[in-house]
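Sequences are here, hints too, so could you generate the full structure?
Number of protein chains: 2
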Amino acid sequence: MGSLVDVDLLTALRAAVGPDHVLVDRDVTESYRRDMMPLAPAGSPAAVVLPATTEEVQDVVRACGAAGVPIVPRGAGSGLSGAANAVDGCVVLALTRMDRIVEIDPDNRVAVVEPGVVNLDLRSAVEKHGLFYPPDPSSYDWCTIGGNLSTNAGGLCCVKYGVTTDSVLGLEVVLADGEVLRTGRRTVKGVAGYDLTRLFVGSEGTLGVITRATLALRPLPQAPATVVASFGSTGAAGVAVSRIVREGMVPSLLEIMDSVCVRAVERHLSTELGDGAGSAALVIGQSDLGRAAGLAEVSRLEQVCLDAGAEFTHHTDDLAEGRLLLAARRAVLPALETLGSWLTDDVCVPRTRIAELIAGCAEIGEEVGLTVAVTGHAGDGNMHPTIVYDASRADEAEAARVAFDRILALGLRLGGTVTGEHGVGKIKQDWLATEIGPVGLRAHRAIKNALDPGGLFNPGSMFRG
Amino acid sequence: MGSLVDVDLLTALRAAVGPDHVLVDRDVTESYRRDMMPLAPAGSPAAVVLPATTEEVQDVVRACGAAGVPIVPRGAGSGLSGAANAVDGCVVLALTRMDRIVEIDPDNRVAVVEPGVVNLDLRSAVEKHGLFYPPDPSSYDWCTIGGNLSTNAGGLCCVKYGVTTDSVLGLEVVLADGEVLRTGRRTVKGVAGYDLTRLFVGSEGTLGVITRATLALRPLPQAPATVVASFGSTGAAGVAVSRIVREGMVPSLLEIMDSVCVRAVERHLSTELGDGAGSAALVIGQSDLGRAAGLAEVSRLEQVCLDAGAEFTHHTDDLAEGRLLLAARRAVLPALETLGSWLTDDVCVPRTRIAELIAGCAEIGEEVGLTVAVTGHAGDGNMHPTIVYDASRADEAEAARVAFDRILALGLRLGGTVTGEHGVGKIKQDWLATEIGPVGLRAHRAIKNALDPGGLFNPGSMFRG
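Chains as they are written, first to last, in our numbering: chain A, 1 to 465; chain B, 1001 to 1465.
Hints listed in this document are in silico derivations from the structure and should not be mistaken for laboratory results. From the three backbone atoms N, C-alpha and C, an ideal C-beta is built for every residue, glycine too. Check the hints yourself; a few may be wrong.
Below, in silico cross-link-like pairs of lysine-lysine (DSS-like), each with a Cα-Cα straight-line distance of 27 Å or less [claimed, not checked]:
(1) Lys-1128(B) x Lys-1160(B)
(2) Lys-128(A) x Lys-1160(B)
(3) Lys-160(A) x Lys-1160(B)
(4) Lys-160(A) x Lys-128(A)
(5) Lys-1128(B) x Lys-128(A)
Just a sample of chain B residues kept apart from chain A, beta carbon distances all over 12 Å, derived [said to hold, decoys possible]:
(6) Gly-1089
(7) Ser-1124
(8) Asp-1177
(9) Leu-1324
(10) Glu-1396
(11) Gly-1416
To give an idea of the chain B side of the interface with chain A (calculated C-beta under 8 Å), a few residues [stated by the list, open to error]:
(12) Arg-1109
(13) Val-1112
(14) Arg-1182
(15) Lys-1189
(16) Val-1191
(17) Ala-1192
(18) Gly-1202
(19) Ala-1223
(20) Arg-1246
(21) Cys-1348
(22) Asp-1380
(23) Val-1424
(24) Gln-1429
(25) Leu-1432
(26) Val-1439
If you want it as structure tokens, here you go:
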């Protein structure tokens, strides 16, 4: 197929980034159409542009602004909300070539990176200096820091170390008029002006293009000790999580898997989790306080689980064994994939309501006639109910979408939010409107309009214009 | 003197909050004119209004909006940037009557409070549940949570537990049109929409009136162990702080005092700090990891200080002794006050540059012929150079202002920010403009205009309209 892009714009884009870095062949651009959220709509981009520098991003933004062609920024495309999905006729701005770790300053525990750096590459690079970049979304081995910033990504570490925004000191952003905005600072504290840094983090590419980030690093934690507890009911597991929070414990990881996840993983890995008697819920915790203190903390976690009625528990400070236990948690999606397509949801509820959420998801599964498996970050209430369905059947796809929405309604009823870490993107705009209400939506539109009056960046994502 | 306020507006204000809570007597309103920053300009308010509910705030905002009379929100007035200072003819909106702790939810580690709650009252209330609200500005025994939110207040805890914004989950805000905006959530994670919560935190009352806040609480830390180290040079103390950061230690407190502070406190408290030989810099650290782990951590801090050349060190897990050592740090301002008026500045520099900042401040003091004493939060580079002068002498007041500005220029040269925790207010608008540049200023104005198009809230604060 021929090019969909205006000839003048094409010339300007080629001048901006070099002809090799403007892709217009439909066979190629199609692979930049969407992220990993199957239900979100995705249009066909007119072109995919891969800049190498901030100046090139500025030129692209100015060219698209002049042509009135919207820009959808994207990283690796690992997102789960369709925020990086193309709209028809847009320019997809793929930041993957801007992948330099510009600086690591161990003395001030700061790193400066470009948006295309892969999360794992940054983790590995700073680890050599005894430092730690906490945010660890499941896709950490291929997602980019730019995408993490745009979605304010979370991960398993959040229960102790917070989400992406908690590790960002400053940003460089190309605005809709092509100017470069520098937000924040290199110091660990600072209150000079509005917190624009955190306004851009999580804004899903709707306010500007992040071209550089100054990140706060932490000391590398100690090797973790691990505890696993198997419960006969989700209610008992929920009580355990509540008590862990209530008793003031801050483990470095606290995950939960319901019985559907446990059985799927057991089949997939040909192993037994728990005591083999069939676990209704599995809780996995870790402590990174270091040998004696770490063992003491996981022993406390274990005792709380036993007091809450755990039928089987096991703790270890053996690293390999700990990794195996965590591998079971990480195997949930691959295991569910053997059963069909999966559609993973993302709600965050108060930590006291986790058991109710799991029970409610099982009911929703029964109502729509599909399996809903629940796993998630118990320590902060961020659950990922995952619907298993046959994507080739229209009725099951429809039922999956119904279940997806009912889970969000349940999350809100339990005092939660419709997205804990995946974002709104092009799949939850109506749910965002429900959650934040008309005044909230008006404030969002006012800010969008203030920074991007022409609606250049990622139109229709997060909320409708 | 008679009332300065328009009769119709006065009627509306009295209808909104009741006649007893509208103050127009100049003798009374004068006491609401300013906060604790002596150099910031302060106008005369037409009225001071003390609402009791969110609905009353809405009515006041609508009445002032209709009358075109600006509103300056304020709490206790403990601020150090003039952000709460009145402008001529404004309505000062004092939130001190809205002082209810609405809810403490220990199971989810969340508190909901009104803005007039005194920081210490919240600390004490949650402590009864074994919980901890970290932000602890020096004025914690009289400043209000609303003021803390508006300025994104810090304190001694920040090195380990972050600043105010790190403890805020959600806000209720009355906007310029009188509507109530609810930002954020009760859950510990959430990415539904822009991070409006953190946009309002630190916005110094320029975007709306915060009427309620949902705050994240932490487990109450263990009783601290304390270490003090005395150095023969500020350079050696700076090296110690850098190494503490570099070696991945995260003490719960890490403060520094220069020789001027040490001598002033020694005189004021009639005691000897250090070994009596005359300390050039004193570093005080704490660990709240609990008995054995706490002692181990302060011993590590002590060893780093000795390796960096400390001439005298002492550590203790005796609580009373620890409190006495910390009392020396807290006595710096009262001690300096015995020498004259004080004007405290607030810069945050990379932690490797602290020694340079202290040396530079001494030079600036010599240049202007005044004493500049430096103390501050070494663990995060947030320093408070404090200028001692005779406020009754115009030449000294002028010299103090010159020193104040030169310290800010020095902070910027060292890669820092012009305010680490006190804010911009009505004293550093030009410095904010310098730090963030024209694009940053334009973004600030665009956001201000989006949320407060009539310039109703705190006009001229933070940046000029």
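Right, here's what the structure says about each hint:
| no. | hint | in the structure |
| --- | --- | --- |
| 1 | Lys-1128(B) x Lys-1160(B) | holds (22 Å) |
| 2 | Lys-128(A) x Lys-1160(B) | holds (23 Å) |
| 3 | Lys-160(A) x Lys-1160(B) | holds (13 Å) |
| 4 | Lys-160(A) x Lys-128(A) | holds (22 Å) |
| 5 | Lys-1128(B) x Lys-128(A) | violated (43 Å) |
| 6 | Gly-1089 | holds (26 Å) |
| 7 | Ser-1124 | holds (17 Å) |
| 8 | Asp-1177 | violated (9 Å) |
| 9 | Leu-1324 | holds (27 Å) |
| 10 | Glu-1396 | holds (28 Å) |
| 11 | Gly-1416 | violated (5 Å) |
| 12 | Arg-1109 | holds (6 Å) |
| 13 | Val-1112 | violated (12 Å) |
| 14 | Arg-1182 | holds (7 Å) |
| 15 | Lys-1189 | holds (4 Å) |
| 16 | Val-1191 | holds (5 Å) |
| 17 | Ala-1192 | holds (5 Å) |
| 18 | Gly-1202 | holds (5 Å) |
| 19 | Ala-1223 | violated (14 Å) |
| 20 | Arg-1246 | holds (5 Å) |
| 21 | Cys-1348 | holds (4 Å) |
| 22 | Asp-1380 | holds (4 Å) |
| 23 | Val-1424 | holds (6 Å) |
| 24 | Gln-1429 | violated (10 Å) |
| 25 | Leu-1432 | holds (5 Å) |
| 26 | Val-1439 | holds (5 Å) |
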